[in-house]
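2 protein chains.
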Amino acid sequence: MVAALSARLAAPCTQSRVQQRPTRKQLAVRAVAAEAPSSTTGQPHGRVFNFSAGPAVLPLEVLEQAQADLLNWRGSGMSVMEMSHRGKEFQSIIDAAEADLRALLSIPDNYHVLFMQGGASTQFSAIPLNLAADGDAVDYIVTGSWSKKAAGEAKKYAKVNVAATGDNKSIPARDSWNLSADAKYVHYCDNETIQGVEFKGAPDVGGKVLIADMSSNFLSKPVDVSKYGLIYAGAQKNIGPAGVTIVIVRDDLIGNARPITPVMLDYKVQADDKSMYNTPPCWSIYIAGLVFAKMRADGGLAAALANNEKKAKILYDAIAGSNGFYNSPVDPAVRSLMNVPFTIPSNPDLEKEFIAQAAKQGMIQLKGHRSVGGMRASIYNSMPLEGVQQLAAFMQKFAAQHAK
Amino acid sequence: MVAALSARLAAPCTQSRVQQRPTRKQLAVRAVAAEAPSSTTGQPHGRVFNFSAGPAVLPLEVLEQAQADLLNWRGSGMSVMEMSHRGKEFQSIIDAAEADLRALLSIPDNYHVLFMQGGASTQFSAIPLNLAADGDAVDYIVTGSWSKKAAGEAKKYAKVNVAATGDNKSIPARDSWNLSADAKYVHYCDNETIQGVEFKGAPDVGGKVLIADMSSNFLSKPVDVSKYGLIYAGAQKNIGPAGVTIVIVRDDLIGNARPITPVMLDYKVQADDKSMYNTPPCWSIYIAGLVFAKMRADGGLAAALANNEKKAKILYDAIAGSNGFYNSPVDPAVRSLMNVPFTIPSNPDLEKEFIAQAAKQGMIQLKGHRSVGGMRASIYNSMPLEGVQQLAAFMQKFAAQHAK
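Residue numbers (the numbering used here), protein chains in the order written: chain S, 1 to 404; chain A, 1 to 404.
Fair warning: there could be bad hints in the mix.
Each pair may be met inside one copy or between any two copies, as identical chains are not told apart.
To be verified - Quick list of in silico lysine-lysine cross-link-like pairs, DSS-like style, CA-CA up to 27 Å:
no. : residue 1 : residue 2
1   : K148      : K274
2   : K169      : K360
3   : K313      : K397
4   : K268      : K155
5   : K268      : K149
6   : K88       : K268
7   : K352      : K208
8   : K274      : K155
9   : K397      : K268
10  : K169      : K208
11  : K360      : K88
12  : K149      : K88
13  : K88       : K352
No lab work stands behind these hints, which were simulated from the structure alone.
Okay, chain S solo, but in the shape it has when bound:
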């Protein structure tokens, strides 16, 4: 097993062609683990509470099942990683994943579900390429870093009108938006991962085609898909490992990609071949499928929302009840259930120590995004309640130790 590989790495090298063959020790230390936490979280397998914004924590049950099946999936004699994507085993895996996703979101039949590659960042290009012609007007609502990036990329392909710009802490009032009369679509980001700003429901855009980047809150709450022309989400926040991006797109909107659209970004090509124009990101689809199945068994999106509200409340209450030691910069009406940025306004130097001490106790990845600083706790679906409880308890203790 692992010993076999280690033993072989230690064997003497007789082959001269390989320059500087690494020793076993070199190979081992080159892939270095973070300093192990000095207190445990009490989680099984020595696992920490991982507040990373993405890639992010996955359900332990899903990881355990993937681990059990890794060498031989259900008697097939091979790993999911080794399966032909066109074989019946993988076909059953991707079909089940799609069926469970449709059930979770109650996706109407006239919408395609696509499993694409290249992240949300590829969708920033694919959306205007597929849904607008050169010079067409398209509206973008900018409420944070990701919607800003999406708008910037779209400028290559269409006439972008930024209809509203937020202040990174709130969402501009709907009646202040300058929507174009003739925009091919209105694009917004439902949850800004960096700023922690989240829409509470689909904005009303008067019947125009609505497009949402839901990368960091996908499947955290029920969504009325019928209000949207297209929803997209990178998997690596709430629903799986990196490598797959879900695109849910209404059928009448595809088929008009302009000639310069790369084949892999053409929604019609992807839909016609049910995401298998080429080899899809099979492992990521498989893990996402396990997550979808678990979510259905756990009560679907209403149950997920209830859990997420409960967890977020613990954290926002810890901030609110800190006598100003901690501050949440976001308008409470739109503060995210998924990403919670906060600061120590009286003494920003303490933020570094907060992050370091929390990490020592097994609460990791609490550093705020490099563009905003401070702290940020990402509390996606799979963050256990206990993780948020431990964090809140730590926050209280830290504040007590350091409050003036």
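Given chain S's structure and the hints, the job is docking chain A onto it.
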């Protein structure tokens, strides 16, 4: 463990919002395994010999290591699937993968190594977008299905000259190629997966920029990278699971992507951010990295080539020694070491039975590509010698049973 998830799936549903919550049995049977082979291959863990053309067999040692580390990678307290790509743990993983790949191929310092998404099919677009301007001449050598697709996609972006077209069984003589005087590059496919046609060394293109799709023979043999401007390879043949595409590109060739290039396809953007402009396909990079490390410990590319020649010889000898029962359609001078198509010319109806019987004995995925029929054995680096030996023995027996 697995029992926990199964038990929970069986729990009664009280939530009405989830339509038709699947029972545990439904979820289990919907993801169906192929009919289990009736004879075993003698491989550990009930594993078969998987001759799939891609995704394809991975080294058992690598899978075992990934399995052991799946819940908690080296004391980090999280899975590789859960790591922030910008954390030090994953940074060490991707750095080690790149370093090992550079060592294996002796990649000169003036080449970038990029870990991209979207498969080789995305590179079909990225190459002309990055390396040619609108209307520039580009030369394509078409020797099979993949080079044909690459040329077709490039027509969107440049003036494609198909300088040579093979007959799917051989490579046109170099002196018959009609290379353009002013082509920005010459593109060819080093190994055509479907036709089983493989170049034996870089073609001489008189100093022009040479670009190779090496998706299905990458790391199967030494390559002189300095002869190329760019080499690309989807991982899911020889080097990892689906989800990552390696691009090795000379530094002087990047930085001139035309304005319509999607940001995720821009080599300069990818190189400047060391493949982390956005979240890379972390798990696929990790597994590929384990494969690279193992290859270095096993003696690098010279050792790989020796093994591949040995395995291929067994198979081609089995065909040649069958008194015409089996036929290999490919010119022996260019027959692939990786993909071996063959037929039963006297009785094509027997091909279906051959495939079915082989599968029953644990040799699976021997069906030829749907566009060509017949059989095809893909014998990538990780196909054990024993697999090829068992296949050859089966071929002999089957021929003896059915020869007229």
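Q: Find the hints from earlier in the document that the structure breaks and name them by number, from lowest to highest.
A: 2, 7 and 9
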